[in-house]
Amino acid sequence: MNTTLALYANYAIYSAIAVLTLAMLAYALYLSRAVPARGEVRDREVVMAGGGPGTAGASPSDSATPVETVNAGARWSGVGLSFSTLAALLIGASLLLRGLAVHRPPLGNLYEFVCAASFFVMVGFVGWSRRRDLSWLGIFVVTPVLLMLMLAVKAFYTEASALMPALQSYWLSIHVSMAVISVAVFTLGAIVALLYLLVDRFERAGRAPGWARVLPGARDLERTAYSFHIVAFPLWTFTVIAGAIWARQAWASYWNWDPKEVWSFIIWVVYAAYLHARATTGVTRQKATWIAVAGFSCIIINYTIVNMFFVGQHSYAGT
Amino acid sequence: MTDIQQPKLSALGWARWAWRQLTSMRTALFLLLLLAVAALPGSIWPQRSIDPVRTANYIADHPRIGPWLDRLGFFEVYASPWFSAVYLLLFLSLVGCVLPRLRVHVRALRTPPPRVPARLARLEHHRELSVDLSSAEVLAQARSVLGRRYRVATTEETLSAEGGYGRETGNLLFHVALLGIIVGVAIGHIFGWKGDVIVPVGTGFANTEIRYDTIQYGPRVNPRDFTPFSLTLDKLTVTFEDQVGGRGQFGSPRQFVADVTTHARPGAPGVRQTLAVNHPIEMDGATVFLLGNGYAPVITVRDKDGKVLYSQATPFLARDNNYTSSGAVKVSGASPKELGFFGNFLPTGVITDDQGPISIFPDARDPALALGLYEGELAPGGDGGSVYTLNTEKMTQVKADSGDILRIWLKPGETMKLPGDRGSITFDRVERWAGLSIRHDPARWLTLGSALLALGALIAQLTIKRRRVFVRVAPGDGVTLVTLGALSKSDDAGLGDVLDKIGAAITSSAGSPRHTPPRQTPVRGSNR
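Which chain is which? The protein sequence lines are B and V, in order. Everything in the first sequence is counted per our numbering, starting at 1 for the first residue and increasing by one. Everything in the second sequence is counted per our numbering, starting at 1 for the first residue and increasing by one.
Source of the hints: derived by calculation from the structure; they are not laboratory data. Treat the hints with care, since some could be wrong.
With a straight-line cut-off of 30 Å between C-alpha atoms, the simulated DSBU-like cross-links for lysine-lysine are [unchecked claim]:
id : chain 1 : residue 1 : chain 2 : residue 2
1  : B       : Lys-287   : V       : Lys-194
2  : V       : Lys-235   : V       : Lys-465
3  : V       : Lys-489   : B       : Lys-287
4  : V       : Lys-337   : V       : Lys-399
Between the sequences and the hints, there should be enough to build the whole structure, so can you do that?
Take a look at the structure:
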C-alpha cells in the first residue's frame, strides 16, 4: 500500500471535477450562443430539409446543423472538448495511481467502479468526437459525469486498500471491467435516448427552443441510441456470464439470486425487451425508447439502492 | 341494435387462437417485462433458499404481513408458481416463435435469391450509371464486390443477391441457446447436490450424507453413491485489515487459506493441498469450496470430582463483522441435571456499558468467552434444536452464590468453578473452523456452453444485416446503362454504401467514365 500514490489519485479526481465543471460551463455557453438573435428565428424543418442535392449517400443529419449557430458557438464547444479531454485523462490518471497504490485493478468497490465508469463515458465521448462533431452532446455528457464523480467522492468514497478474499481473483478484472464498460456505453445510450424523446416531442409540437436547433433530428438520435444499446447489450450479457463463472469459483454456485444478480438479470431482461420492442411492429420507437430508459433506471437502482440497502454477497461493493 | 353474428370457434379454433396470441411478439414483449417485475421481490425480501435465518426473523418481526407474504411465495420467489408461470409461458412463446421461423429460414437458405424487381428505381436505395463496359463485365464486377457473403443468381442482364442470412441464424441460435440454459439449470437441479459442513482445525470430514450439517440433493441423486473421499483440515490462515482505517475497510478480511490433506478414497495416499476462497479443490465427483470461517474455542467441562464430561473444539457462529460469535456447550453427561452453557465467543473481547460483552476486532487478539448456564433437560422429547443454541423449554438458569444470574467470563487457559458443586469449566485455547461447501452440478458445462453460444449468436444477430442487392444492365447507345438497387429487412444505415461500392468498382474498371460525373440518383424520399 502506497499512501502517497493514493493521495495523488484523490487529487487527480478533485482536479477532474474542477475541469469537468469548466467543460460544463463551456458547453453551456456553446448552447446559449446557439440561440439565434431575435428576428433570426428559422424554421428548423427548413434547415433539416437542406440535405438536398449534392449530398448523395450522406446521412441527412450531417448537413442539418445550421451554419450560423456553429460559427457563433464553435469556439466554446472547442474549449469544452479540450476540457473534456483533460478530464478524461485526469480520471484515467487517478485510476492508474490508485491501481499502483494498492497493486491491484482499481475496481474493488463502488467508488472505484463509478470513477472507472465515468472514465469510460468520457473516453467514449471524446473518442467519438474525433469522428463526428458532438458539440450538441457535450453538456448532456459532461453534466451527468460530473454528478457521478461528485457522488463518488461524497457518498461512495472508500480508502485505498487491499481486497477481501472473495475479490482476489483475475475474474475481478474481467467481470468488473466489462460491467464498467457496458454501464458507460449504456449511459451514453440513455443520454442520446432521452435527447431523442425530447427532440421527438419538439418535432411533433412543431417548435423547439433555440438551443435545441443544434441537436440532430429525432430519427438520427433514435438510431444513434439504438447503436449504443446494441453495443452495450452484448457487453452486459458477457458481464453476467463472467460474473456467473466467477460466482461458481468464489461462492460455489454460478447463480444464487443474490440481489445484485437479481438486478443484473432485471437489467438484462428490460434491455432485451427494448430490443424486442424495437423489432415489434405496432410498438412505436418512442415506446421502445422508454423501455431503454427504464433499463437505465434499473442500472441506477442497481448501483445505488441495491448496493446500500439490500443484503447480499455483493454488498462489499458498497460501503 | 342488432346482435352481431360472431363466427363460432371450435375448441381447435380457440386453441389456435390462444397459440397465436401466445407466440406473438407483443405477448413475448409483455412477458419479458413481466419477468423483470416478477424477479424484483426476490431482491427486496429475504429468500429462504439463500438465508433461512433472516427469512424466519423477517416473518417473526412482521406478524401481520409476514405469513401472507410467505403464503404468496415472496420468500421463495424463484420457485414460486407465479414466477415459474411467467418464465414457462415465455419459453413456450419462444418455442412457438422459433419453430415456424426455423422452417422459413431453412427454406430461405435453400431458395435462390428472388428475381430482380421490375422497377429498381422504386426501391429506397438505388443508383443509376452508364459505363463503357459489356453487360457481362458489369455483372462480373458487381459479383466480385459482393463476394462470398452473398448468394448470387444471374441472368444475362440481371443479378440478384441476398446476404446476411447469419442475422436470422444468429437470432434463432440465440433463442435455442436460452433454452439450453434452462435445460442446464434443470438438469443441475435434478442430478446435482450440495452440502455444507463446519470443520474445526485438526479434524476432518468424509463425503457421506450423515457427515453434512445441511445437505440438499435432487430427486435423482442417491447419497449412497457419493464418492467416499475425505479431507483433513491441517491449518487455517485468516488475516484481517488492521492498517487502513476508514469506513468499510478496517477489520475487513484479507486472506482465508486452508491447508488440507485429501484422500481420494479410504486408504488412498493423502495429498496436501491448499484450499482458499476463489481456489476450490476438485475431487472425484464433487468440488470443495471454502466459504466460511469462525472460531471454535476448545472447552472442557469437569464434574465436582474432576472427571472430564466434555472436551472439544466447539464451533461458534459469527454474528457480526467483528466475529462476535454465539454458540452453546451441551453437557448431557452431567448429573443430576444436564448442563447447557450458552453465550458468546469474542475474538477481541471488551465489556461495554450499553451492549455488554462484544468483539471489537475480528482477529483473535484478546479472546474471551462470555457464557451463562442452564440446567435441566437438554433435549425434551428428543428435540435439542440446533447445536448452536439451547432449547431452554425444560431448563432453568443457574444463579451464582450471590443470588445474581451466573455470568462466566473466561480467557484462554482459565478455569472457573461452577456454583453448587456442579464442577468446573475450562477455556483451554482457541481454534478456528472452516465452513466448507461441497457441490456437484453435472450440467454446469451445458449451461455455460449455452450461455456463450447465446452471446455469440446475439452478437451475430445484432451486427449482421440481411440485404438484397439487385443489378440490371441495359445496352444503350454505345454505353451500358446500369441500375443498382438494394433492400434491407431491418434498420440498415450502411445499405447505400454497398451500392456506392459496387458503382465505384464498375466505373473504375471502365476507366475514365464517359459521362463525368456518373449520373447517380441520390436517395429519394426518406431512408426508411
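Status of the hints after comparison with the structure:
no.	hint	in the structure
1	B:Lys-287 <-> V:Lys-194	45 Å, violated
2	V:Lys-235 <-> V:Lys-465	59 Å, violated
3	V:Lys-489 <-> B:Lys-287	21 Å, holds
4	V:Lys-337 <-> V:Lys-399	15 Å, holds
Checked against the numbered hints above, the structure violates hints 1 and 2; every other hint is satisfied.
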